[in-house]
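Each of the two chains sits in its own frame; use the hints to bring them together as a complex.
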Amino acid sequence: MRSMNTKSRALRAGLGAFLLVLCTLLVCLGDLERQVSVYAPQKNYQVEVQERQGQLYFSLLDLLQPLGSASIHANGNEWKLQFNNADAVFTEGSDKAKVRGRTIDLGGKTLSENGRVLVPLNASFALLSALLKTPVEVHPSARRIFIDNAGTRFTAELKKGERSSLLLSFDHPVSPQVTHDGNIVRLTFKREPVLSDITNQPLDDKSIHSLSFSEENGMASLTISGASALDASLGSDGRSITIQSPAPLVATAPSQPNPQPASPPAVENPQNAAPATTNEPRSSPAFLVMIDPAHGGDDSGARFSDSLTEKEITLALARRVKAELQERGIAARLLRDGDTTLGLEQRAEIVNQQHTAVYIALHAGTPGRGVRVYAPVLTSSATPAGGKFLPWDAAQAPALPRSKELAREIADQLEKKSLPVFSLGTPLRPLNNVNAPAIAVELATDLDHAQELMNQKFQTTVAAGIASAIVQHRAEMERP
Amino acid sequence: MIPRHLQITIALLLAAIAVSGFYIIRLTHKEQAKSLLRMEEGPVAPPATGAQEHIRVLVAYDEDRALRWRDAVISTPPERNVRARAILRAVLAQYLQSPSPHPLGKGADIKDVYMINNDTAVIDTTPQFADGHPSGILPEEMTLFSLIETLSANISSIQRVKFVVDGQERETLAGHADLKSFYQTAAVHDLAREFE
Chain Y
1 MRSMNTKSRA LRAGLGAFLL VLCTLLVCLG DLERQVSVYA PQKNYQVEVQ
51 ERQGQLYFSL LDLLQPLGSA SIHANGNEWK LQFNNADAVF TEGSDKAKVR
101 GRTIDLGGKT LSENGRVLVP LNASFALLSA LLKTPVEVHP SARRIFIDNA
151 GTRFTAELKK GERSSLLLSF DHPVSPQVTH DGNIVRLTFK REPVLSDITN
201 QPLDDKSIHS LSFSEENGMA SLTISGASAL DASLGSDGRS ITIQSPAPLV
251 ATAPSQPNPQ PASPPAVENP QNAAPATTNE PRSSPAFLVM IDPAHGGDDS
301 GARFSDSLTE KEITLALARR VKAELQERGI AARLLRDGDT TLGLEQRAEI
351 VNQQHTAVYI ALHAGTPGRG VRVYAPVLTS SATPAGGKFL PWDAAQAPAL
401 PRSKELAREI ADQLEKKSLP VFSLGTPLRP LNNVNAPAIA VELATDLDHA
451 QELMNQKFQT TVAAGIASAI VQHRAEMERP
Chain P
1 MIPRHLQITI ALLLAAIAVS GFYIIRLTHK EQAKSLLRME EGPVAPPATG
51 AQEHIRVLVA YDEDRALRWR DAVISTPPER NVRARAILRA VLAQYLQSPS
101 PHPLGKGADI KDVYMINNDT AVIDTTPQFA DGHPSGILPE EMTLFSLIET
151 LSANISSIQR VKFVVDGQER ETLAGHADLK SFYQTAAVHD LAREFE
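Top line first, the protein sequences correspond to chains Y and P.
Heads up: the first sequence begins at 1 in this note's numbering, then just goes up one per residue.
Heads up: the second sequence begins at 1 in this note's numbering, then just goes up one per residue.
Isolated chain P, as found in the complex (with noise of 0.2 Å):
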């Protein structure tokens, strides 16, 4: 017969190892929900590297509905498509500060710029980019313009500009911004005066 005070200590002691391995658990996934996500939201690529750079970018302004020109700094990189991927992450570097003139979702990033006969430019995107993006006509819109000048005004031969979103095709950014259809450069110039 195992004596009473025994007993409860037993009990204790596997209500003790119970509760101390349900905590573990809880900390072992907080931990790996956390080093998800600043896997996510850290940089995609390695930053571009070379000689210094002055370029313009175009950048959205909420609070009037403006888009301005503003000087950044990048390095160069000899590859065509990593320095277009560095002119709109100088873009989207305004974006992601804070206070920031035209908030992005967490993780908004360019992964990629595909560079087609010279001339065209295919924009991927993270998922980020898009799921975090602000719905409505407007704030899309701007972001894409701001992008698409940018992209145009530092590299003159790109005349179409697409975006796809982790490495697929969609049909809106948020919900409004067309992303289906190849934009002209052009185009696009006389859309984004409107808010300058």
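Same shape as in the complex, but just chain Y (with noise of 0.2 Å):
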């Protein structure tokens, strides 16, 4: 009888034991749902969100104190935030903050708990910025901040053979989860900044037939998919990993004389063009969109005012669009993404040796409200004669009604948004030096309301709005 109350005592203590273990995990899994990653040169780091008033908010101190000296005093409702030698101050309920004397608009309300300032994550990137003064990358629906160009890219090339075989090799050594599932092999990098212009690449191989990069939850992943269960092997140096698919255990007979015809060689489309099977992450995905932010470095664009210039606002921009369009699965790039000099010739050059389906060239200016959209009209002498090559002036030609189609749908698509449009033609460079279809888009601004082309709201909602007609300008390009 006493053994038996023993044996119940010690199954009950050890499924309460069982169940502490099961809530801990849980609640560590929670915390694993509600982060996001910070990768700073200096160093990489999560930082737990919460859900308040219905959207995800942070600790300003977590944020901040991994990348500099950061305190925070209390001043009534108000906190005052020093960062290195800035000074920031948020108002407890208030959706607006100080940062070096500029209003930042945070998107909600500052919030305090215990203690803490809770600011929300859409924030994040006009607060970064603002503070730290140098590049910041936000991908706000994967909850990854990347800070002054932090992030490691990795090329790809595919060795077809019996046994073809994927080398990755990244700029800097990593460490990634992996993980099988049939035949796809997952590698999750948590806390490295892993980065990619690819969505989904088909591979032109039997046994490996697919590369995909993703990132959700401050974590990056890389799908490879394949006929059968892949093999994936790290290199010694961290920098490379290998995808192979398995040894095959019996000799293979000898192959027998197809008997299917030989199928044309296929007719290569600049916009369609058949995935490389050597494929670098630098090279162009098939459908790839060029954001120009105008201006930078010494050519600062409009001045609006003594703190702010049109080369600030069209790299904010920039990035939004960019971030709306590889949620909407679109491959894009920024011509520039720093404080960056670049010539007219230099932006055009570098957009047609990438073969990029669409140029889209941001600018802000006075006068008027909303946004004026262009598209590009030929006003020079040189006229193409024909042939396969093209005046620089005139490279535009071949793209033009294409490029009218696009101004037109991106115009439509932000009116839906109930923003004042203006369409119009110009000469603007280096529009006319590009061969894919090409458009400008300007926020246009009041010196007395110029803060507001900053407005998070205002650039989010322009940059979906391009973003949408762009997914709706490819779609109509696939049609056959």
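Hints listed in this document are in silico derivations from the structure and should not be mistaken for laboratory results.
Check the hints yourself; a few may be wrong.
Short derived list, chain P residues pointing at chain Y, Cβ under 7 Å [stated by the list, open to error]:
no., residue
1, L27
2, D62
3, A66
4, L67
5, S135
6, I137
7, G175
8, D178
9, A187
10, E194
To give an idea of the interface, some chain P residues facing chain Y are shown, with a C-beta separation under 8 Å as derived from the structure [to be verified]:
no., residue
11, R65
12, L96
13, Q97
14, E141
15, E171
16, Y183
17, Q184
We treat Cβ as the ideally placed atom computed from N, Cα and C, and that holds for glycine.
Right, dumping it as structure tokens:
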């Protein structure tokens, strides 16, 4: 009887311990679901995010302390932040903050809980850009923040053969978690700032079918699918990973002559080109959108105030357009992702070399309010003489009808979002030097309202409109 | 031994000399800067003389983002290039008045117009025309379109127009409008109509 009681007590204690471990695991998993990854040159780290008032919030100090010396002091309902040599003021219940003397729209109210200041996750880009004064890239849906161009890129090389292999070479050592699921192998990068312009890249091989890149919940994943289960092996220096089909256990029978007739060679079309067997992320995906934040570096563009220039507005908008496009599964690149000087001819050269499907130049200027959408107009005396070569000033000529169509689609989408839109023609460079559909979008303002151009909500609305129009444009281009 | 009161007087005199010297140098610099500014803002070529001619000029209005035709009177000189310059100056005169429908920087002017084969005009502007121009696609293009349209409306043989700044080629007017290409007046005519 005593032994029965002892057994039952032991069983209950065991069950209790199991439940405790299970609860801890669930709490840990719950926390994992709500984190934002921050990648900076000095440190990669995760910050917990919590849902408040229907949106995600993070603790200001948790975000900033790993990046420098940060302290915050309360003064009534105002919180004064000192971060390195910058200062900022947050007011509890207000959706605005003052950073380095400039008002920033946080997109949600500032909250305080147990001496911690919580700000909306959506404000991370504006906040970090203003505080750090370095390039910041935020992938909102994936909850990943890249500071000062922190990012690990990779190239992928497919070696065809009896045992085809895919060699992934990274520019920094990586240590992914490898999981197998049938014919799929998945590499999950929890701490590494792995970036790629690939979304889904089909591979022209019998045993390795595709490579896709995705990012979510502060992590990045590479998924490789094949005809059968695939092996993944990490190189000794941590910078390379080889994906290969397992070695056959028995020798294969000699190949029989193929009864199928040989298929005709594919006709090369730059817009729908078959994927290359050697895939390198810096090479162009089939449909690549090149976003050009106009000006940069020595060229500030229009100056709206002592602290606000056109180059800053265009870069912020370009990053939002890129994020909106990527969310819609469209590969997009920025011509500059920092304060870099680029000449107009240099911009056109890069765009043409990348075999871009769409080129969008972003501008901001006075006068007026709303958005101006410009389609290119050839005003130069250089005229296409026919044949293979085009004059530089008329490189746009073959793409002109599609550029006009795209401009109209963008104007329509922006109008649907209740924005005042003006459609115009322009001989603006480098549109006429680009050999793909090319348009310019300009955020218009009066000098008194220039700060509104940095408004996150306004920029996101414009970016979403542009992205929706490009999705529609791609569908029309791909229609047989 | 020099008496103390004399020492103080000499010291005060020296200080006064130093202060007035410094003041005179500053005054001289100020006057030099003023005269230089007057020189830069002043006309770079004598006004055209000749019979009075009524012309039409296309004027940009920033407030409603429009280009509108207006009448103007110029003195018509016999030389084609001087007449072309007088026509363009009639447009700039609209912009340089106060209040201006489309403000340009102080000292914005046309230095010269070079006519090539009767159908091409190369407009040479002062550096202030470009350096002081408001930056933006719309204001820059409205300036160029109004000048090109006015020129081609009054000298019908002109088919192509190019701008240079102080005799040098520039990439853009103030960061946006193209100054490298030759503009075809027919194409500009279509563009300008979007603003009318």
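Do the hints match the structure? See the list:
no. : hint : in the structure
1   : L27  : violated (31 Å)
2   : D62  : holds (5 Å)
3   : A66  : violated (11 Å)
4   : L67  : violated (12 Å)
5   : S135 : holds (4 Å)
6   : I137 : holds (6 Å)
7   : G175 : holds (5 Å)
8   : D178 : holds (5 Å)
9   : A187 : holds (4 Å)
10  : E194 : holds (6 Å)
11  : R65  : holds (6 Å)
12  : L96  : violated (19 Å)
13  : Q97  : violated (19 Å)
14  : E141 : holds (7 Å)
15  : E171 : holds (6 Å)
16  : Y183 : holds (5 Å)
17  : Q184 : holds (5 Å)
Comparing the model with each earlier hint shows violations of hints 1, 3, 4, 12, 13; every other hint is respected.
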